[in-house]
Structure formats: C-alpha cells, structure tokens
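Heads up: the sequence lines are chains A and B, in that order. In case it helps, my numbering puts the first sequence at residues 61 to 478. In case it helps, my numbering puts the second sequence at residues 61 to 478.
Source of the hints: derived by calculation from the structure; they are not laboratory data. All the given hints hold, so there is nothing to weed out.
Put simply, identical chains are the same to the list, so a pair is met inside one copy or across any two.
Within a straight-line C-alpha distance of at most 27 Å, the following computed DSS-like cross-link-like pairs (lysine-lysine) qualify:
hint: 1; residue 1: LYS405; residue 2: LYS250
hint: 2; residue 1: LYS250; residue 2: LYS404
hint: 3; residue 1: LYS136; residue 2: LYS250
hint: 4; residue 1: LYS460; residue 2: LYS285
hint: 5; residue 1: LYS456; residue 2: LYS405
hint: 6; residue 1: LYS150; residue 2: LYS80
From a predicted model like this one, the values you see are computed outputs, not experimental measurements.
Residue strings, one per chain:
There are 2 protein chains.
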Amino acid sequence: MSNFSEFKPLNENTLIEYIKTIPSLSSKLNNDFSNLSVKEVGDGNLNLVFIVSNSNGSFVIKQALPYVRLIGESWKMTKERAYFESLALKEKGKLCPEHVPEVYHFDRTMSLIGMCYLEPPHIILRKGLVTGVEYPLIAEHMSDFIAKTLFFSSLLFRSTTDHKRDVAEFCGNVELCRLTEQVIFSDPYKVSEHNHWTSPYLDRDAEAIREDNLLKLEIAELKSKFCERAQALLHADLHTSSVMVTRESTQVIDPEFAFYGPMGFDIGAFLGNLILAFFSQDGHADETNDRKGYKEWILKTIENTWNLFHHKFTALWDEHRNGAGEAYLPAIYNNPEVQLLVQKKYMTDLFHDSLGFAAAKMIRRIVGVAHVEDFESITDAAKRATCEKRALDFAKILLKERRKFESISEIVSVIRQI
Amino acid sequence: MSNFSEFKPLNENTLIEYIKTIPSLSSKLNNDFSNLSVKEVGDGNLNLVFIVSNSNGSFVIKQALPYVRLIGESWKMTKERAYFESLALKEKGKLCPEHVPEVYHFDRTMSLIGMCYLEPPHIILRKGLVTGVEYPLIAEHMSDFIAKTLFFSSLLFRSTTDHKRDVAEFCGNVELCRLTEQVIFSDPYKVSEHNHWTSPYLDRDAEAIREDNLLKLEIAELKSKFCERAQALLHADLHTSSVMVTRESTQVIDPEFAFYGPMGFDIGAFLGNLILAFFSQDGHADETNDRKGYKEWILKTIENTWNLFHHKFTALWDEHRNGAGEAYLPAIYNNPEVQLLVQKKYMTDLFHDSLGFAAAKMIRRIVGVAHVEDFESITDAAKRATCEKRALDFAKILLKERRKFESISEIVSVIRQI
Chain A
61 MSNFSEFKPL NENTLIEYIK TIPSLSSKLN NDFSNLSVKE VGDGNLNLVF IVSNSNGSFV
121 IKQALPYVRL IGESWKMTKE RAYFESLALK EKGKLCPEHV PEVYHFDRTM SLIGMCYLEP
181 PHIILRKGLV TGVEYPLIAE HMSDFIAKTL FFSSLLFRST TDHKRDVAEF CGNVELCRLT
241 EQVIFSDPYK VSEHNHWTSP YLDRDAEAIR EDNLLKLEIA ELKSKFCERA QALLHADLHT
301 SSVMVTREST QVIDPEFAFY GPMGFDIGAF LGNLILAFFS QDGHADETND RKGYKEWILK
361 TIENTWNLFH HKFTALWDEH RNGAGEAYLP AIYNNPEVQL LVQKKYMTDL FHDSLGFAAA
421 KMIRRIVGVA HVEDFESITD AAKRATCEKR ALDFAKILLK ERRKFESISE IVSVIRQI
Chain B
61 MSNFSEFKPL NENTLIEYIK TIPSLSSKLN NDFSNLSVKE VGDGNLNLVF IVSNSNGSFV
121 IKQALPYVRL IGESWKMTKE RAYFESLALK EKGKLCPEHV PEVYHFDRTM SLIGMCYLEP
181 PHIILRKGLV TGVEYPLIAE HMSDFIAKTL FFSSLLFRST TDHKRDVAEF CGNVELCRLT
241 EQVIFSDPYK VSEHNHWTSP YLDRDAEAIR EDNLLKLEIA ELKSKFCERA QALLHADLHT
301 SSVMVTREST QVIDPEFAFY GPMGFDIGAF LGNLILAFFS QDGHADETND RKGYKEWILK
361 TIENTWNLFH HKFTALWDEH RNGAGEAYLP AIYNNPEVQL LVQKKYMTDL FHDSLGFAAA
421 KMIRRIVGVA HVEDFESITD AAKRATCEKR ALDFAKILLK ERRKFESISE IVSVIRQI
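Construct the complete structure from the given sequences, taking the supplied hints into account.
Written out as structure tokens, the structure is:
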C-alpha cells in the first residue's frame with residue numbers, strides 16, 4: 061500500500077502492483093494476474109488511460125496527470141480534476157445509467173478512476189463520423205442523456221439548498237473551467253501562441269475573427285453565462301470524442317470538466333461538433349462514397365437531437381411539475397396558459413444559448429489550440445481549408461444571429477445553404 | 061469563558077459578562093464597567109441589537125437568533141447568517157470604508173458581531189424619508205458604495221479563481237437566499253398565510269397579481285437570475301432601512317443576506333425603496349408641509365443615484381481595463397469601438413435587471429409579508445391604500461416593460477404620470 065500513498069504516474073508495470081492492492085478492481089480479474097493484458101491507450105489531451113483485462117473480466121484505469129498532455133508539462137493542470145470526473149460520472153450515472161460507464165473505484169491521492177471498459181466494437185463517435193458510419197440511435201440516446209442530466213440537476217427538479225451545496229462543491233473544479241474560458245472564449249479572439257489553423261488558406265479568416273467587434277460582443281455574453289450562471293451540472297466537454305458508440309450503445313465518458321454552468325453549453329457542444337462533422341464530409345468524399353447520404357444523416361441527427369431533447373426535457377418538466385423543484389412553484393404557475401408561457405420562454409432561451417455555444421465550439425476547433433480529427437484527417441490542406449472555411453462562416457452567422465432562429469429546422473436550412 | 065462556549069441569546073446583563081471576556085470590545089470601554097449603558101434596540105425582523113457605551117467609548121453588538129424574529133420561533137433561520145454578515149461587512153468595508161461600519165469582533169459560536177456604533181444624529185434612512193428630511197449626499201454616497209462593492213467583487217476586476225472560491229463560500233448562506241426567494245419571488249404571486257395588505261382596499265389588487273400570467277413570467281426570469289447568476293458579492297437586502305444617515309454621513313449596515321448574485325438586485329433594492337418612499341409622501345402631507353418639494357428631491361435622488369452609479373462603475377471599469385479582471389481581456393477588447401459596444405450592452409442589461417428587481421421589491425412590500433414604515437405610518441387606511449395602489453401600478457408596469465426604457469429619466473417621467 062505504501063507504494064501508492066502519494067501521487068505517482070503509473071506505467072503498465074506499476075499499474076499491476078496498484079491493482080493488486082484494490083479489491084474492487086482485482087476481483088474483476090478474479091484475482092488472477094497471470095495472463096493480464098495492460099494497454100495504455102490515452103489519445104486524449106490530458107490523461108493516461110489503461111485497458112486492463114484477462115479472461116475473467118476487464119476495466120479501464122484513467123489517471124490524471126498534473127499537466128495538459130497535449131501541450132506538455134509546461135501547461136500545469138490540477139490532477140484534482142479526477143475527483144470531479146468521478147463525482148460527475150457517479151452523479152450522471154445515477155441519473156442516466158444506460159449511457160454512463162459504471163465507476164468501480166476512485167483514488168483521490170492517485171487521481172485515478174477505475175471504471176467499466178467499453179468493449180469493442182465501441183469506438184469514439186468522432187471516429188465513426190469521420191469514416192461515415194450511421195448510428196441509428198445516437199439522437200435518441202444523446203437527447204436522453206442530455207435531457208436527464210440537465211433537468212435533474214437544475215432548479216426545475218431540485219431545491220435551492222441542494223443546488224447551492226453542489227454548486228459550491230463543483231466551484232472547486234475551477235482550473236478546468238479556466239482552461240475552457242481560455243481555449244473557447246478567449247484565445248480564438250486574440251493573438252495567442254497556442255492558436256493555429258490551416259495556413260495560409262485561413263490566415264485572413266483567423267485575422268477577421270480577431271477584428272470582428274460584433275463577434276467579440278457575442279462571445280463576451282456567452283463567456284459571462286459560462287462563468288456566472290449555475291443552471292445545471294454540465295458534462296462541460298460534450299463533443300463527439302466524449303461519446304463512445306456501437307450501433308446499439310451510446311456511452312458518455314470524460315466529464316472531468318464538470319461544473320454547474322449554463323445548460324446550453326452541453327447541448328451546443330454536441331450540436332456544434334455534429335455540424336463540424338457535417339462540414340468535414342466533403343473532404344472525406346471519394347469515388348467510392350460521395351458522402352451525400354451521410355451528410356443528410358448528420359443533418360437529420362442534428363435536427364432529431366434537439367427536437368427529441370426538447371420533447372424529453374419538457375416531458376420531464378411536466379412530469380415533475382408538482383415536485384420539489386423550486387424554480388416554478390405549482391402554487392404560482394397554476395394554470396395551463398402560464399405553464400405554457402414560462403416553458404416556451406425557457407426553451408427558447410435555452411435554444412439560443414445552445415446555438416451560441418455550438419458556434420463558439422466550432423470556431424475554437426478551427427482557429428484555436430485543439431482541432432478535431434474530422435478536419436485534421438483531411439490530408440489535402442486546400443480541401444481541408446475549404447471545409448473549415450464553410451464551417452467557420454456558418455459559425456459566425458450562428459453566433460451573431462442566433463436569436464433570430466426559432467427552430468432547429470431553420471438551422472439545418474442555413475447549413476445547407478452555406 | 062466557558063459561559064459562552066456554546067450559543068445562548070444574550071440579554072443586557074449577560075452581555076456585560078460576555079464583553080468582559082473580549083479584549084477587543086472591553087478595551088473600547090477602557091475596561092471600565094462601572095457606568096455602562098446597555099440598550100437593546102433591535103427593531104429589525106431578525107436579530108438582537110445592543111448599544112453599549114460609557115464615557116470612554118461605544119460599540120454595537122448584533123446577535124443573530126435561530127429564528128425570524130418578525131414571525132416568531134416557528135420560522136427557523138440559521139444563526140450562521142452572522143458569519144456571512146461579518147464576512148460581508150469586512151469585505152465591503154475594505155472596498156468602501158467610508159460607508160461601512162468597522163467590525164471589531166466576531167464570534168461564530170455566539171453568532172455575534174461587535175462593530176462601530178453609528179452615533180446620533182445617525183438615523184435609519186427610511187425614517188428620515190418618512191419625516192421628509194433631505195440628505196444632500198445620499199445619491200453620491202450610495203452610488204459610491206454600490207459601484208465599488210459590485211465592481212470590485214465581479215469578474216470585471218477579479219480572476220475566475222478568486223471568484224469561484226468566494227462564490228463557493230457564500231453558497232453557505234443558502235438559508236437567507238431561500239428566505240429572499242420565498243418573500244420576494246414567490247409569496248406575493250400566490251396565496252400565502254404570511255401575505256397581507258391594506259384590506260379591503262387592495263383585495264382586488266392582490267388578487268390581480270396572483271392572476272397575472274405576464275407578471276409571473278417576468279418574476280420567474282428574475283428569480284432564475286437571483287438563484288443562478290453569481291455576478292458580484294451583493295449586500296442582498298439594500299433597502300432604505302439598511303442605510304443609516306446624517307446629512308454628512310451614509311453608512312450601509314446589515315448585509316446578513318450577502319451572497320454572489322445579480323448586481324441589479326442591490327441597485328433595484330435601493331431604487332425600489334426610494335420609489336416606495338416617493339409614493340408614500342402624499343400620505344404624509346399635511347397643512348404644514350405638502351411634501352411637493354420633497355417628492356421632487358426623491359425623484360432627483362433616484363435619477364442621480366443611477367446616473368452617478370453608471371458614471372462611477374464605468375469609470376472603475378475604464379480604470380482597471382488592463383487589470384486582472386477576466387471578463388473582458390484587453391488583448392481581445394482592444395479597440396475603442398468594441399470597448400464602447402460591450403460596456404453599453406453590459407450597462408443596458410444591468411439597468412433592465414435593476415428595474416426588474418426594483419419592481420419586485422416594491423410589490424412584495426405592499427402585498428407580501430414584510431411591509432415598510434413609509435406606508436405603515438400612514439394611519440388613515442384609505443389614504444394609505446391610495447398611495448400603495450399607485451406604487452403597485454407603477455411596479456407592475458416596470459416589471460413587465462422594463463426592457464423598453466433606456467434611461468432613468470424615462471422612469472422618473474412614468475413615476476410622475478401615475
């Protein structure tokens with residue numbers, strides 16, 4: 061035990077020693093370490109990830125490192141994020157167990173989570189989108205996850221007392237919030253050493269963003285919501301690489317950025333990354349597959365995700381209207397007209413927030429520090445730049461004019477016109 | 061010491077025993093207890109307040125009780141609020157020492173604050189407004205207090221790290237937040253045993269509020285901002301009985317409701333209570349004083365308070381534009397046009413928030429649980445009801461149509477027209 065009484069990054073050998081000391085993990089392997097397979101597979105920006113398995117069972121070990129792996133040891137990042145990730149996995153797992161991997165073990169000293177291994181053919185959704193695979197249940201599943209996790213952690217369902225207690229707890233995840241503030245709401249709009257883009261094609265576009273006063277006005281409003289508005293417990297990094305899928309299964313992973321923030325940030329993250337996937341498709345088209353049908357499927361998925369979310373979220377609201385939620389007391393919101401009125405306003409505001417955050421997420425993936433495989437895997441730079449430019453142009457429209465849209469089908473129409 | 065090792069409400073005798081054990085208090089009296097004057101003067105809704113003095117010096121002792129004094133021991137209320145009051149007094153005292161009484165001593169176990177006694181002729185501002193006294197510096201002083209305490213506790217001046225740490229701390233004051241939610245944002249809009257009004261004159265008006273769907277829509281938006289938006293450290297109970305004045309001095313007391321909330325809540329509390337004072341004046345007019353000149357002074361004070369606040373707040377913003385505040389990074393907001401654009405939007409939103417909260421504060425003082433001396437001291441019920449009805453009609457317009465107003469002078473015009 062004393063070997064792990066203080067933090068140390070594990071490797072494939074020390075990990076086995078560690079597992080031997082943890083009954084909840086070693087029991088998954090039936091305490092048999094003779095034919096153990098241990099693979100480090102972390103391809104993310106921040107952490108070590110090991111898959112551990114033998115013929116008896118398997119699990120994943122995720123260990124946070126005290127810096128941003130993508131950038132290097134110079135960009136410090138608290139490993140306490142593992143604590144908030146484990147909290148969020150457990151909380152969201154309670155609310156939506158179908159779409160969240162089970163946590164078997166958490167070690168705060170080692171910043172280490174042991175959790176369910178999502179076996180093949182599970183892959184990262186983004187990789188599926190790049191190769192052109194349709195997931196017929198993805199909108200159904202993601203709308204379920206988003207609706208449940210947001211609704212049940214909001215004041216529509218909870219008391220102020222519970223809300224403020226949990227808001228206070230997740231204020232501790234401030235370093236991860238700061239990273240988001242920097243890479244999404246700040247860096248793309250200023251000169252930053254970390255920014256990059258498909259140069260020279262997008263040089264002028266990146267510059268135009270840094271000179272666009274109206275865009276800066278809008279991103280300031282979104283940043284203020286991100287920093288100040290504790291509306292629900294967010295995943296807070298809900299892009300298409302935080303989702304693992306098969307045709308039948310959808311699992312949301314990696315909520316280490318979790319905190320209480322504006323709901324639209326989660327919805328926008330997912331929609332914005334689907335829109336990036338859409339605009340990248342022309343770069344993946346070849347003589348065997350023109351991707352036209354696939355683009356239609358993505359558009360339909362964008363539309364279905366919002367519409368199903370809207371339907372499920374308002375259904376939860378209706379179902380729990382007389383519950384403990386303190387935002388809309390039944391004694392006040394006591395007739396169908398006023399119920400319709402407040403719900404319509406709430407959902408319209410949420411739609412506009414979601415569109416704004418979707419746009420912010422798109423922009424930062426094209427001219428900011430962290431790009432997406434959807435575009436990066438297009439090897440022809442000119443072709444990649446053409447795709448990226450369309451996405452960027454659309455995102456700018458969305459950020460500036462989001463309040464004019466009333467339905468997701470209008471958004472899909474604009475995407476088609478770009 | 062052991063006599064005070066656990067909480068007990070003090071009386072005029074036990075208080076002296078207590079003071080003897082506290083050097084920072086007894087030294088103010090030069091350790092002379094022979095000719096001590098101790099008076100319990102708490103006329104508020106929640107606490108015991110003692111004035112302690114002898115020929116050497118003086119101070120005030122404020123002790124929180126574990127219930128709402130106004131209602132009785134049945135309405136429980138954590139005495140931990142004294143901790144948040146002392147925190148807020150110290151923090152706001154640092155930011156604006158001219159207008160906040162100094163804290164000499166705080167005892168968390170006893171829920172007790174020892175602080176500067178504001179000597180006569182200091183009186184509660186509301187009492188001065190009822191008797192018709194002009195305070196020539198009140199707009200200057202209150203705009204100073206509000207601008208400094210809000211600006212310096214916001215992300216315009218502070219880092220996200222400091223902000224989230226303090227937001228988390230003040231989440232602990234949740235019981236006082238809940239009381240506000242109930243008495244301001246809920247009870248007036250529903251049937252509640254605590255509500256009362258000048259009956260039968262306002263029966264129909266109280267009922268109309270409970271049936272007004274548009275009013276309920278607006279109050280929901282404000283409640284959501286109150287519960288979710290951590291914009292700055294508020295006083296959170298900044299009405300005219302939380303201010304003590306002479307012609308030369310203005311002192312803000314009683315921040316036991318302090319928490320991180322929307323700035324407009326403080327500004328609106330003060331403006332709304334000035335507007336109540338205005339509408340009460342006709343009830344105080346008599347043959348010796350028609351109060352016409354005084355009404356003009358109140359309107360001018362309303363106008364000056366906002367305009368001076370606006371001027372001082374934006375001046376602080378300009379002065380600290382290149383400081384540590386993380387909301388608007390100078391590398392992004394790097395030209396005069398965009399600076400003007402974001403500042404204008406920020407101040408317009410804040411103005412509309414302030415008007416909304418002002419209206420909410422007015423409504424609750426006429427049909428809710430806690431009324432104001434401005435109206436209560438009008439003994440003729442019919443006359444009182446006429447004044448209250450005008451205030452109520454104005455507040456309803458303000459709550460519903462606040463977004464149409466662009467300047468405080470427009471508000472003053474509407475007040476005149478009622």
